[in-house]
Each structure stands twice: as structure tokens, then as C-alpha cells.
Amino acid sequence: GAGVSQSPRYKVAKRGQDVALRCDPISGHVSLFWYQQALGQGPEFLTYFQNEAQLDKSGLPSDRFFAERPEGSVSTLKIQRTQQEDSAVYLCASSTGRHSYEQYFGPGTRLTVT
Amino acid sequence: GENVEQHPSTLSVQEGDSAVIKCTYSDSASNYFPWYKQELGKRPQLIIDIRSNVGEKKDQRIAVTLNKTAKHFSLHITETQPEDSAVYFCAASMIFGGTSYGKLTFGQGTILTVHP
Numbered sequence: 217g218a219g220v221s222q223s224p225r226y227k228v229a230k231r232g233q234d235v236a237l238r239c240d241p242i243s244g245h246v247s248l249f250w251y252q253q254a255l256g257q258g259p260e261f262l263t264y265f266q267n268e269a270q271l272d273k274s275g276l277p278s279d280r281f282f283a284e285r286p287e288g289s290v291s292t293l294k295i296q297r298t299q300q301e302d303s304a305v306y307l308c309a310s311s312t313g314r315h316s317y318e319q320y321f322g323p324g325t326r327l328t329v330t
Numbered sequence: 006g007e008n009v010e011q012h013p014s015t016l017s018v019q020e021g022d023s024a025v026i027k028c029t030y031s032d033s034a035s036n037y038f039p040w041y042k043q044e045l046g047k048r049p050q051l052i053i054d055i056r057s058n059v060g061e062k063k064d065q066r067i068a069v070t071l072n073k074t075a076k077h078f079s080l081h082i083t084e085t086q087p088e089d090s091a092v093y094f095c096a097a098s099m100i101f102g103g104t105s106y107g108k109l110t111f112g113q114g115t116i117l118t119v120h121p
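Protein chains in written order, with the working numbering: chain A, 217 to 330; chain B, 6 to 121.
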């Protein structure tokens with residue numbers, strides 16, 4: 217079956233531009249996570265959705281970051297007024313939400329802010 | 006919050022040797038510890054995980070051990086092969102009840118190189 221997909225795979229933005237990153241989780245997966253992975257580092261948690269409810273956004277670095285999952289499937293991570301420090305790979309992961317702990321990761325979106 | 010430390014940052018071994026990567030965590034409430042393998046430019050993929058009610062788990066050439074008292078866990082790869090070369094991440098999470106909500110806190114990663 218299809219895994220987690222993300223688009224675009226690569227995004228170059230000029231500083232100050234807004235960007236939107238999309239995540240298509242595995243069909244039927246209740247839980248969806250966003251992580252940020254800086255070069256040479258481990259992923260860091262940004263936010264978590266259970267269906268359409270955003271239950272934890274404690275990892276979002278600033279109010280420029282916003283995530284949504286309005287119908288409980290596809291999710292979008294939006295970054296407003298991008299800064300150079302936003303350059304990273306943004307990973308999405310989903311899990312069944314029921315008696316399974318494994319998170320399945322997407323390929324990520326590499327964001328470069330120039 | 007949880008903090009995970011991972012060592013070593015790089016590890017170079019000869020094909021056929023064993024490799025050991027160690028992690029420590031800070032939050033005694035953490036109860037789920039997965040290990041992910043990430044090849045260059047690819048997505049992280051789960052290779053093995055362990056829950057806090059188990060001290061050791063093995064899957065072919067890969068094993069993980071957990072010491073809850075000392076709050077550390079380790080990945081052991083035996084009979085390494087060149088295709089094992091990748092970045093390995095440990096992680097810790099706190100799982101509630103029967104749900105899978107548990108944000109992962111990752112270590113910094115270990116670059117494993119297996120020389121033929």
C-alpha cells in the first residue's frame with residue numbers, strides 16, 4: 217500500500233515569503249506528527265494531530281508556524297515570513313492511533329530559505 | 006521535557022564486526038524506545054523498538070537492550086554488512102493507554118560506516 221507522502225519534496229523560498237508543506241498520511245491513520253530535522257541532527261517534534269484535533273503544538277518554534285488537518289486526513293504545515301533559521305527538512309509521520317506505536321515517516325520536504 | 010543523548014556520533018567498523026550504539030534518556034516516565042535507520046536523503050525507517058516492560062528484544066542481526074534503572078538503552082548490530090551503513094537514531098516516548106500518541110524525542114544520531 218501507499219506510504220506517507222509529502223509535497224513538495226524541495227522548496228526554495230526567499231526570506232519573508234510564506235510556504236505551505238503538505239502531508240498525505242497512510243489512509244485510516246488517526247495520528248499525525250510533524251517534525252523538523254536540521255542538517256546533521258535528529259528530528260525534533262513540532263506538533264501532533266489526532267484526527268482533525270491538534271492536541272499538541274508545543275514544539276512549534278514561533279507563531280509564524282501553523283498547522284492544520286481540517287478533515288482528519290491531509291495536513292498542511294504553513295510557515296509565514298520565512299527566516300533563514302527555518303531551513304531544514306520537515307518530516308511528517310502517521311500512525312494508526314490504535315494499539316500500535318510505530319510512526320511511519322514520509323520522505324520529507326527540504327526547505328531552503330535564501 | 007525529555008532529553009535523549011546518543012553516543013557515539015560516528016562509528017566505523019569492518020564488515021562482519023559488531024556495532025553498538027548507546028542512548029540515555031532523562032524522563033523516567035518514558036516507556037517506548039524505537040530505533041530508526043535513515044539513509045542519505047531518505048525517510049527514517051523503524052528497525053526495532055522496545056517497550057519498558059521488556060529488557061531485551063532481538064530481530065535477526067539486530068538487538069536492543071533496555072536498563073530502566075539506569076535509563077539507558079542500546080542497539081546492537083552483529084555481522085555488519087556494507088548495506089547497514091546509514092545514520093541511526095534512537096528515540097524515547099511516553100505512550101498513554103492504548104493510543105499511539107507519544108511524540109518522539111530523538112537522539113542526535115550515529116553515522117555508521119561499514120567497510121567491506
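These aren't lab readings, by the way, just hints derived from the structure by calculation. One thing to keep in mind: the hints can contain errors.
Said to hold, decoys possible - Taking beta-carbon pairs under 7 Å as the criterion, some of the chain B residues facing chain A (in silico):
1) Ala34
2) Asn36
3) Tyr37
4) Arg48
5) Pro49
6) Leu51
7) Phe94
8) Ile100
9) Lys108
10) Phe111
11) Gly112
Said to hold, decoys possible - Listed below are the simulated DMTMM-like cross-link pairs for lysine to aspartate or glutamate, each with C-alpha atoms no more than 20 Å apart in a straight line:
12) B:Lys63 with A:Glu318
13) A:Lys294 with A:Glu268
14) A:Lys273 with B:Glu20
15) B:Lys47 with A:Glu284
16) A:Lys230 with A:Asp240
17) B:Lys42 with A:Glu260
Every residue, glycine too, gets a C-beta built ideally from N, C-alpha and C.
Each hint tested on the structure:
For Ala34 (chain B), the suggested interface contact is broken, since its CB lies about 15 Å from the closest CB of chain A, more than 7 Å. Taken as an interface hint, Asn36 (chain B) does not check out: its beta carbon lies about 10 Å from the nearest beta carbon of chain A, beyond 7 Å. Interface hint status for Tyr37 (chain B): upheld, as the beta-carbon distance to the closest one in chain A is roughly 5 Å, under 7 Å. Taking 7 Å as the C-beta contact cut-off toward chain A, the hint placing Arg48 (chain B) at the interface holds, the least distance being around 4 Å.
The beta carbon of Pro49 (chain B) is positioned within 7 Å of a beta carbon in chain A (closest approach about 5 Å), and the interface hint is therefore held. A cut of 7 Å between beta carbons decides the hint on Leu51 (chain B): the least distance to chain A is about 5 Å, and the hint holds. This hint holds: Phe94 (chain B) has a C-beta 5 Å from the nearest C-beta of chain A, less than the 7 Å allowed. A hinted interface residue such as Ile100 (chain B) counts as satisfied when its beta carbon comes closer than 7 Å to some beta carbon of chain A; here the least separation is about 6 Å, so the hint holds.
At about 4 Å, the closest approach between the beta carbon of Lys108 (chain B) and any beta carbon in chain A falls short of 7 Å, and the interface hint on this residue holds. Taking 7 Å as the C-beta cut-off, the interface hint given for Phe111 (chain B) holds, the closest approach to chain A being about 3 Å. Taking 7 Å as the C-beta cut-off, the interface hint given for Gly112 (chain B) holds, the closest approach to chain A being about 6 Å. Under the criterion of a C-alpha separation no larger than 20 Å, the hint pairing Lys63 (chain B) with Glu318 (chain A) is consistent with the structure, at around 17 Å.
For the hint pairing Lys294 (chain A) with Glu268 (chain A), the CA-to-CA distance comes to about 16 Å; that is within 20 Å, so the pair holds. This hinted pair does not check out: Lys273 (chain A) and Glu20 (chain B) have alpha carbons roughly 43 Å apart, beyond 20 Å. The straight-line distance between the Cα atoms of Lys47 (chain B) and Glu284 (chain A) is roughly 25 Å, outside the 20 Å bound, and the hint therefore fails. Our distance criterion of 20 Å between C-alpha atoms is broken by Lys230 (chain A) and Asp240 (chain A), whose separation comes to about 25 Å.
Pair hint Lys42 (chain B) plus Glu260 (chain A) holds up; C-alpha atoms about 16 Å apart against a cutoff of 20 Å.
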